[in-house]
Amino acid sequence: MALPGGALRLNQLVISRNFYKFTSCVGVRSLSDNVSSKPAPPSAPETVGDHLIYTQEHFALKESLRKIIDQEINPHVDQWEAEGTFPAHKVFKILGSAGFLGVNKPVEYGGLGLDFSYSVAVSEELGNIRCGGVPMAIGVQTDMATPALARFGSAELKEEFLLPSIMGDKVACLGVSEVGAGSDVSSILTKAVRKGDEYVINGGKMWTTNGTQADWICLLANTSDGPAHRNKSLICLPMNLPGVHIARKIEKLGMWSSDTAEVFFDDVRVPCKNVIGQEGMGFTYQMLQFQEERLWAAANVVTMMDNIIQETIQYTRQRKIFKQPVLYHQSVHFRLAELQTEVELLRSLLHRSTALYIKGNDVTKLASMAKLKAGRLAREVGDSCLQYWGGMGFTSDVLVSRFYRDSRLLSIGGGADEVMLGIICKYMDTLPKK
Amino acid sequence: MSGRVLVGVKRVIDYAVKIRVKPDNTGVVTDGVKHSMNPFCEIAVEEAVKLKEKKFIKEVVAVSCGPQQAQETIRTALAMGADRGIHVEVTGKDYEAMGPLQVSKIMAALAKKEDAQLIILGKQAIDDDCNQTGQMTAALLDWPQGTFASEVSLEGDKVKVVREIDGGLETIRINTPAVLTADLRLNTPRYATLPNIMKAKKKKIAKVNPADLGLDMTSRLEVVRVDEPPQRLAGVKVETVEDLVSKLREQGTL
Chain A
1 MALPGGALRL NQLVISRNFY KFTSCVGVRS LSDNVSSKPA PPSAPETVGD
51 HLIYTQEHFA LKESLRKIID QEINPHVDQW EAEGTFPAHK VFKILGSAGF
101 LGVNKPVEYG GLGLDFSYSV AVSEELGNIR CGGVPMAIGV QTDMATPALA
151 RFGSAELKEE FLLPSIMGDK VACLGVSEVG AGSDVSSILT KAVRKGDEYV
201 INGGKMWTTN GTQADWICLL ANTSDGPAHR NKSLICLPMN LPGVHIARKI
251 EKLGMWSSDT AEVFFDDVRV PCKNVIGQEG MGFTYQMLQF QEERLWAAAN
301 VVTMMDNIIQ ETIQYTRQRK IFKQPVLYHQ SVHFRLAELQ TEVELLRSLL
351 HRSTALYIKG NDVTKLASMA KLKAGRLARE VGDSCLQYWG GMGFTSDVLV
401 SRFYRDSRLL SIGGGADEVM LGIICKYMDT LPKK
Chain B
1 MSGRVLVGVK RVIDYAVKIR VKPDNTGVVT DGVKHSMNPF CEIAVEEAVK
51 LKEKKFIKEV VAVSCGPQQA QETIRTALAM GADRGIHVEV TGKDYEAMGP
101 LQVSKIMAAL AKKEDAQLII LGKQAIDDDC NQTGQMTAAL LDWPQGTFAS
151 EVSLEGDKVK VVREIDGGLE TIRINTPAVL TADLRLNTPR YATLPNIMKA
201 KKKKIAKVNP ADLGLDMTSR LEVVRVDEPP QRLAGVKVET VEDLVSKLRE
251 QGTL
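Residue numbers (full-length UniProt numbering), protein chains in the order written: chain A, 1 to 434; chain B, 1 to 254.
Worth flagging that the hints you see were computed from the coordinates, not collected in a lab.
This structure is a prediction, so every number in the text was calculated from the model and none was measured.
Virtual Cβ for every residue (Gly too), placed ideally from N, Cα, C.
Please note that the accuracy of each hint is not assured.
Here are some chain B residues pointing at chain A (derived, C-beta under 8 angstroms) [said to hold, decoys possible]:
(1) Thr26
(2) Ala79
(3) Thr193
(4) Pro195
(5) Ile197
Could you build all of it, start to finish, from the sequences and the hints given here?
Take a look at the structure:
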């Protein structure tokens, strides 16, 4: 593998980018070298008037968020990936101050009270971050740990946990999955036993994104002995309470910049008023937000796939093999066309589902389909594109290898492919009758 | 003093886009290409909004000349804190031929109409790199100018401007009304926050035609041809100074 040769090719790619002089003036706009290998932005959006769900405000939102990503996030991604964590408090504060953490949250608590199409726009734009870990961490903050609280929490609870999370002052994490229970949420073992005015919590949670730096956890625990779908409650738990142990930071295949923790609860005492909404409704509350979680995940990866395909086109256009660009070989440009076609199909499904959802429809089937397709297509895009990068694709110097690792999680987390398939079959009425 | 500041904002091809020349060599490809506000115009808007926040001026009016899409650029200015916008509609051939002379005529006319105390522009646009509009506008109005500003302070009815010039920094004090052009280090433009983006929806953008202002938009310039810069050839690395000298001799450069 001629690595020095490869480095030279990357260098030429960097030099050949036409860059306006001022951007090299370090000072006002500190752009990292990474930006030079940023792919040309895909074709401009359709005329605002024609777009299925986006208005001028959506596009303005995306443009502003993109600036924050380009200036405050992307320059540091490589470093954060190497360090295995990112400064969530710092990044969330920047996003929170600009209003991007409370897009569809209530106005009384610092949110913007906008509909879910704005959340989708934010998620799509976050796909321009050059890793999967940071967008995932942001998604947990905005669309996994906080929706139930926003909808069902008491005013006092929202004041203490929701408001600072929207402002970016507090980092949230979600405690649902356990070592022994992932897809089968109803079989979680963490128990919250009522003792007077408090709950005493024992158990543990796994795969806790933001877990090592979160200020509070949205915890799903068994609060009674009833049927598995009706005996669980969501509890807002500060992470600094005695008895909360962050057991370890998990080393993962990808998503390196996102710190993932295993957390234990050892006789942790929390006031009963920290329960979100009604006791016993925790499972239902969590399920209500699945549609949004799944569409969010699909939105995020759609942009990433666009970017990977564009970068692959750029690379293969200047990399020569047998005297002509790799891109000129039909198997290559035809395959990229196939992949782009599928990305557009997923985008259409995403936008269609979002359009229906904001009108008040239940889109569980479509959202599950979108999540299923997103996970699988990301693996295809990552795998096929990496092949066209050749030896370079196998190095840590390029985005495609990071995408290949990061995107593998999509078929597992946030609802595994098999769970999605089960849901779709339920809607198709093809499951075996009991 | 009216306390009103006019800020010119230009819609240009985004700085990160790889520019391609049209096959007929009459210009560059703009269809379907990402556009944004000229970075120096962003700095101009930021300075105006800051002056308003410090209560030196009362109103920031964002002006852009061009087709319908120019309104997007005005909206970005509104989302940054400008109070209202004026879209001067220029389309088709007039738009293609529009240059600093035409824009300065427009800015001068608007400045009189709006009784502006200050005009703040970006020092140049990143598409044509002209660096002329500010200066021409000042000349047409017979107003003083503070160009390449890296620091601006209002002192009563005067403006103190620190200018970035080749030799270093020059500080001047000029009377208002005046024209200022923003240089890179004047400030760091704020992000348009989402709440402000939504608020900007309600702010007004007035539409006018150059004809309404009694202006002649004919260009005195004709673009003959647009070409890409010559391809930069790969260099050759050498080990010693002797090698370098002999290679340069071989090439005929020495």
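Satisfaction of the B/Ile197 interface hint, Cβ to chain A closer than 8 angstroms:
5 angstroms, holds
Does the interface hint hold: is B/Pro195 within less than 8 angstroms of chain A, judged Cβ to Cβ?
5 angstroms, holds
Cut-off 8 angstroms, beta-carbon criterion: hint that B/Thr193 touches chain A:
4 angstroms, holds
Restraint: B/Ala79 near chain A, CB-CB cut 8 angstroms. Satisfied or not?
Where the cut-off is 8 angstroms and the nearest Cβ of chain A is about 6 angstroms from B/Ala79, the hint holds.
Regarding the hint that B/Thr26 lies at the interface with chain A, is the smallest CB-CB distance below 8 angstroms?
19 angstroms, violated
In the structure shown, a violation is registered for the earlier hint numbered 1 alone.
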